[in-house]
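Each chain, letter by letter, is given below.
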Amino acid sequence: MSFLELKNVCAGYGALKVLNNVSLRVDPGEIVVLIGPNGAGKTTVLKSVFKLVDVYSGKICFQEKDVRALHTHDLIQLGMSLVPQGRQVFGSLTVRENLEMGAYLTQDNDVVQERIASTLLQFPELKPKMKDYAFALSGGQQQMLAMGRALMQDPKLLLLDEPSLGLAPKMMQTVLNRIKKINEQGTSVLMVEQNARQAVKLADRIYVLEDGKVALHGGKDILSRKEIQHIYLGGR
Amino acid sequence: MAFSAYLIHLGILSCMYVMLAISLNLALGFTGMLNLGHVAFFGIGAYITAILSMQGLPLWLTCILAIIGGLIAGILLAFPTARLRGDYLALATLGFTFIMAAIARNWQSLTRGALGIPGIPRLVASNEQYLFWISLSTVIVALLVSWLTKSSIGRTLQAIRDDELGAMVLGKNVFAYRMLALGVSASIAALAGFFFAHFITFIDPSVFSIDDLILMFAMVILGGLASNKGSVIGGVIIFLLPEPLRFIGFSSSIVGPARAILFALILIGMLVYRPRGIFGKVDLS
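Sequences listed follow chains A and B, in order.
Its first residue numbered 1, the first sequence is counted upward by one per residue in the working numbering.
Its first residue numbered 237, the second sequence is counted upward by one per residue in the working numbering.
Don't read these hints as lab results, they were simulated from the structure.
All C-beta atoms, glycine included, are put in the ideal place defined by N, C-alpha and C.
One or more of the hints may lead you astray.
To be verified - According to the in silico footprint, chain B covers these stretches of chain A (three or more CB under 8 Å from chain B): (1) 18 to 28; (2) 63 to 76; (3) 101 to 108.
Using the sequences plus the hints, can you model the full thing?
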């Protein structure tokens, strides 16, 4: 049994069906990357796992529990966190308050402070900014804060939606390295990335989505397969 | 003597507007809900008070029922508007105000329609005592909202305003928080309506007027979104500012437009030079 498993999932937004029989899995300790052209349904996969879209049929299991029967906060308690696309930090709250918001399911203040300390070990650049408002951070810092806020939930599985979106190349590399480091400390990662080349370097396994279906599945060598060109550039 | 009576009158109405501004700011500034139904909650509170006290219910009971009525109206409005944001929420809540005004005008067996309800009993004998009670209530409301907005609930409301999806993925029940904010905001507006009805002793469907709604928004914007201190200052300034116009000796046909011009100048000046208001923390967006 996998850590996270999707079986024949159909999902979408109301009448708009986006995912069509998607099956994939994430095993403990893995980094799994979802790539594919725009509109393929990558974000919808993450949202369907996190109960942010309608799932019409299929099965989604996290640690052998049926995700469809749970609430979002149950998922967080089970050890799943999502960092949505576009960073989504709370601009008018300070960096510290943003981090504390991440840990609201934990009542114990000692645990919260402990988690802040360990989050700051992952993202030391946030340390001098703790009292600053989040809107004043740079794009890269906001991404780190968004990821740090998710780490405050002490996740076993981290879902990341385009963490490199809109970042300068150097910052993008930094963010991807941090993801690798978080993974090395025992957190599994399911990540959506536009930047296929960079993301594939990190990945243990890759799924390529096309038109709401899994078109390809494989290891790091996947980008050299010739179907990839068809998926991204069309023409068959 | 007459002048001190005038000052007491101003004090009472200032308190009422401060309550309205504080409560509007809870929904608008702290939670980011562009709620144009605020004046309807005020009107609902005033009508519940008027109708029930004319039936001979004791004051403390009409007060509690007005607050509960506002709370229920706020919670009810939260349901159909759960998925609406920004301009769409503004339009839907404005529709709610129009519906309430239409009910007040047309349900004549209950509200006497456009004739209004005269002869509402006074809360206390003298205006001095009235000022005491409304000041006390305003202080309690201000402390309550201040505590609420500083608590973890208030922080979550602000997080929802800043980024709803961000709050959702942390497991927050966004709908429940928005409902709470709207319910508390509405019940305070209804309390202001309770004080209004007992002070003026007459109400008619004009309590749902858009002019008052604009006044409330001007107060919150001048004082600053998401600032309770700002609501108090903004409420007092906007309410008192046109008062000196009375003493200049213009005819009443000029004083009315002069008031409107003054408000317009203040709002334009604020938006150009200080878009966040006096104490505001966030932009109106």
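Going down the list of hints, with the structure as the test:
By the rule of at least three residues with a Cβ nearer than 8 Å to a Cβ of chain B, the coverage given for the region 18 to 28 of chain A is violated, with 0 such residues. Closer than 8 Å: that is the beta-carbon criterion, and the region 63 to 76 of chain A has 5 residues meeting it against chain B, so the requirement of 3 holds. Closer than 8 Å: that is the beta-carbon criterion, and the region 101 to 108 of chain A has 4 residues meeting it against chain B, so the requirement of 3 holds.
Checked against the numbered hints given earlier, this structure breaks only hint 1.
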